[in-house]
Every structure is written in C-alpha cells, then in structure tokens.
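Asker: Okay, here's what each chain looks like letter by letter:
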Amino acid sequence: MAKVLMKGNEAIAEAAIQAGCRYFFGYPITPQNEIPAYMAKKLPKIGGTFIQAESEVSAINMVYGASGAGARVMTSSSSPGISLKQEGISYIAGAELPCMIVNIVRGGPGLGSIQPAQSDYFQATKGGGHGDYHMVVLAPATLQEAVNLVMEGFDIADQYRNPVMLLGDGMLGQMMEPVEFSAYEGRDLPPKTWATTGYDGSRQRNIINSLYIDPKALEEHVQKIYEKYKAIERDEVKVECYNCEGAEIIVAAYGTTSRIVKKVISMAKAEGIDVGLIRPITLWPFPYSTFSEWADREHVKAFLSVEMSMGQMVEDVRLGVDGKRPVYFYGRTGGMVPHPDAILEEIKRIRGDV
Amino acid sequence: MAKVFERPKSLTDKPFHYCPGCAHGIVHRLVAEVMDELGVQDSTIGVAPVGCAVFAYDYFNCDMHEASHGRAPAVATGIKRVHPDKVVFTYQGDGDLASIGLAEITHAATRGEKFTTIFINNAIYGMTGGQMAPTTLLDQVTTTSPYGRSGDREGYPIRISEMLSTLEGVAYIARVSVHDIKNITNAKRAIKKAFEVQLEGKGFALVEVLSTCPTNWGMDPIEAFKWLEENMIPYYPLGTFKEVK
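If you're matching them up, the sequences are chains R and F in order.
The opening position of the first sequence corresponds to residue 1321 in our numbering, with each subsequent residue numbered one higher.
The opening position of the second sequence corresponds to residue 4 in our numbering, with each subsequent residue numbered one higher.
Rather than coming from a laboratory, the hints here were simulated on the basis of the structure.
Just to be clear, a hint being listed does not mean it is correct.
Claimed, not checked - The list that follows gives simulated cross-link-like pairs (lysine-lysine, BS3-like), each with its CA atoms no further than 25 Å apart: (1) F:K205 x R:K1365; (2) R:K1536 x F:K17; (3) R:K1548 x R:K1446; (4) F:K185 x F:K196; (5) R:K1582 x R:K1668; (6) R:K1548 x R:K1536.
Unchecked claim - Residues of chain R clear of chain F, computed beta-carbon distances all greater than 12 Å: (7) A1373; (8) I1380; (9) V1383; (10) G1385; (11) S1403; (12) N1468; (13) Q1524; (14) K1536; (15) A1662.
Just so it is clear, CB atoms sit at the ideal spot from N, CA and C, and this is done for glycine as well.
Next comes chain R alone, as it looks inside the complex:
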C-alpha cells in the first residue's frame, strides 16, 4: 500500500480501524479531537459504532461494557479527560479486559494548556487509578511508529487481557507525516471465551467483575495478574538505542522529545562530542536492563533524561542506572518544547562536571 500524508490523530484512528476496532466511545477535548471525528465518520460505514459519550467517565465505562462483551474497542482523550477515566481503567485492569486508550498529552496540572507535554508519565506508568495494576504504555516517536504500535497494541491487550495506552503528545497528534498501512500480520490470539455473549448452559456463566470481597481471594487475584505482568516485563519491552556505542553521555528521551535529541546528537558530533540516545518505546514495561547494561560501559560517563515535564521518567532512568553513573535531568513543561541548543548546552555543562 502506498504512503499517505496524514495528521497524527487521524493516522491513529485509521490504524485502529485497520486493526479491527469497530467500537469507539469518546468525549471532545483538545488536542485529540480528530480521533473521535474520524471514528464518527468512518465507523458507521463499516458496521461499527461511534458514541460521543456524556463524559469521559461514561466513555470509559462504555469501553468497559463493550470489551466485556468481547469487542475490540478504543477510547481517546487528553490529560484532564484521562484523569476522569482512571476509575474505569482500574476496573478494566481489575476485571482483566483488553482495550486501547489513547492519551494525546497536553500541559498540566489542572486545566493546564493545550500544548504538547509529557507530564502524564507518572499517571500512565505508575497506575493512575486505584489499586495494584499496570497498563502497557506505548510511546511512539513518529506517526508510522504510532500506526504500528496501535495495531500491535490491540493484540497485546487481547493477548494479556489488559488495557494498553498509547501515550502521544499534542505535537504527535497534530503533525502530518507520510504513513503506510501495510497489512499487519497479527498475533495468534486465544478466543474470548470469557465474554458476555449470553449463557445457554453450554459453558459456565461469564461474569465480568473486579469485586473480591474475601481478602484472600483478592490477594490471589492480584497475584495472578502480577504473574501476567512478569511475562509482559519479560517479553514485551521495546527500546531503541541510537549512537550509544562510544558515547560519553547517554540521553534518555521518549516520543517527540527523542526526535529533538537526535538532532542534538548530530550537533554534538559536529563539535566532536559523542552523545547517545536510549529511547524507551514501552514506558511500561520500562527497559531498565538496557540502562543498566550501558551504565556498565567504561566510555559512558553520565546519563541525562530530557522530558517535556518537570522530571518524571528520570526516576525510572535512575532505577535502571542504579547508582553506577550520575543521572541528570533537563526538561521544559507546561507546553514548552526543549530547544536543541539548550539540550546541547546542558550536555556540555554535564561534561564539565564529570
């Protein structure tokens, strides 16, 4: 299939349709409005359902119902709306249901701004809602990668019966790039024998539930979910290492910010400074061992986490580096985007330190 020039939000929506998603429930919020608009236009023509819900709370609970009924289903929003969805996400994780949740992140806290940000990292990777659970969090840097991750993300959700979040930012949602929708092979997935489809006595009753009133039963249920998480941590980590061989400083950055860092790496090279990039593509599971391995290399003197936040992923970078090298942070927030010159200046300052 030929490449087409598409806006990020529309490419994400089209990828979901190509992945077989036929149910979408959402609520308007900038900067992700092109996703529901695209779904509203396309889904009714291919036998699907789009509902503009009365709230984000309702939208995620429609997802909860549709997923329990066995459908491939998605919702999308931006930061304040994602906060409203957290209760539902916790239930979906507790009831072990698959779904795709897209967060096109904007500045916060509060109503914040509508400009791109990465300040929802903690919310996405450390829970967000109540209780012991994780979402798989995918962080694309290009629109092509976003398309690929949406398609694979639905399969990951189905394989592990767990919500998956695509974490983009306002820039990724609003920019245009050429993308290609090549046929996605797809994983070998188990049938959804657990779905509410009507009980005719030929199988056990299917009950979608996250209530375990007996504490022993709840502990066992959560431990079972965490066995699943162990498998995800073992098998699903995605990370890109760029120019790390020989680098004296390794920058950690994800999503849009990583593209700025690649520019900085070529600027530094021109000045004879070797800088590398570790780009986590899955934010959960986080590529801790990649950081640990590079921290063991003699030539690597320090790590620098660059984020559009006040420093959130840097905590996971420190866990990965585990005290073997100093870890620095540089970030802009509130919708401000780090400038390559400022990042390069920070790298030079760190070289002076170490």
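With the hints as your guide, set chain F onto chain R.
Answerer: For chain F alone, coordinates are given in the frame of chain R:
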C-alpha cells in the same frame, strides 16, 4: 404431582444475602420470572450496580457484568451496542442511579438505548449503613441527615420517573411498589412490559420499584411496608409515566 411453585430458572441456587424483610429478593424473583416467561435467559446480559445489589451477578442465572458505582447504564450501552440482538438490563439502587450515576442514566435514556433498567428506590443508602439518598423524603432521618431531611438544608427528593419521562428516547417508564400482593402483581406486569419494549426495539425502558430498607429505617418488615405505603407513595405516585405505542 405437578409442581405449582418453584424457583425461576433465571435465578441461581445461591441464597440471597439481603437483610430480613428487604424487598430486593422479591424484585430479583420478579425479574427472573419475567426472563423465564419471555424465554430470554440464554440471551440476557445483566449489569449489577454498586450498592446492596452488588452481588446480583451471583443470583441472576445469566451472563453478568459488575459495573462501577452509577456507571451501569454506560456499561449496558457498551454491551447492547456490541450485541444488539441480546437482552440487556441494569439493576440499580437510588444512590447508584439517582445520585452518582444521574448523568449516565439520563444520557442512556435520551439516546434511547435499547436496554431495560430496574431502579430500586428505598429512599436510603443501604449497604454503606443508612445515609441520605437523593430520594430520601423530607423529614426522614438518616445518618447524614440526622435532624431530618430539610429542603432548605439538604435539598428535595428527586422524582426520577417523572424527570426521565420527559426525554424523547424513552419508550416506557413506570413506577410500581412491592408492599403487598396486588402491587407485586402490578410490579411484575410493568417489569415484563419493560423487557418486551426492549425486545420490540422501541427504546429505553425503566421501572422504578418503591422498596423498603427495614434495617436502616429502623423498623420491622411489616412496619416498613406500612411506612412505604403511607409516606413514599404520596410523594412518589405509582403509575405509567410514558409508554410509546
């Protein structure tokens, strides 16, 4: 000898956990009898609330989905849109439906979602121990209206059936009671109608069932049914509020 009375097939064998004199058991049975009579047990998906009926999934002998507090109509919307050929119902109390879930029920109704809602109004929060509900009557004492509900201080009780019956998407709304045999018979007729309306694809259907909470009202079951009749029915009149032919 032929059996003349038995447990509906659409109820499981699990004994109810409800308090003595609580009317949930009566309403569960009526819903199950209707499912049996319409022959829809194998195509029904029920949605349980948060509240005293939280374990409804243990009692209704069909596929069930336990929702979060107040969100049952949103969950039911998701299920029904995926399975338009199945029968979907929510079973919700007054805190769940009329307070925290008011947005969800209102918008499901106005969209004309083709599912059935059984709304239990007993004018109090049961499971959490007797707090004021949006349907608590004026002067009624609860743990969070200890001086009696005052319109000036706590606001006025909500009449859900009247309110929702103004919406275009609604096909059927009735308020019934279960305080005596005659009313139980009427209640069953209304519940059956609310399922039939769904099967005919007419739109949203809701039956509000006036019910008791002897435990948190501080009454014995007989006093409680008398209190319902004398206090609730004058404020919450019984009848059919909307029926699309």
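Asker: Hint by hint, note whether the structure agrees.
Answerer: We went through each hint and held it up to the structure:
no., hint, verdict
1, F:K205 x R:K1365, "holds (23 Å)"
2, R:K1536 x F:K17, "holds (21 Å)"
3, R:K1548 x R:K1446, "holds (17 Å)"
4, F:K185 x F:K196, "holds (17 Å)"
5, R:K1582 x R:K1668, "holds (16 Å)"
6, R:K1548 x R:K1536, "holds (19 Å)"
7, A1373, "violated (7 Å)"
8, I1380, "violated (8 Å)"
9, V1383, "violated (6 Å)"
10, G1385, "violated (3 Å)"
11, S1403, "holds (16 Å)"
12, N1468, "holds (27 Å)"
13, Q1524, "violated (10 Å)"
14, K1536, "holds (18 Å)"
15, A1662, "holds (44 Å)"
When the structure is compared with the earlier hints, violations turn up for hints 7, 8, 9, 10, 13 and for no others.
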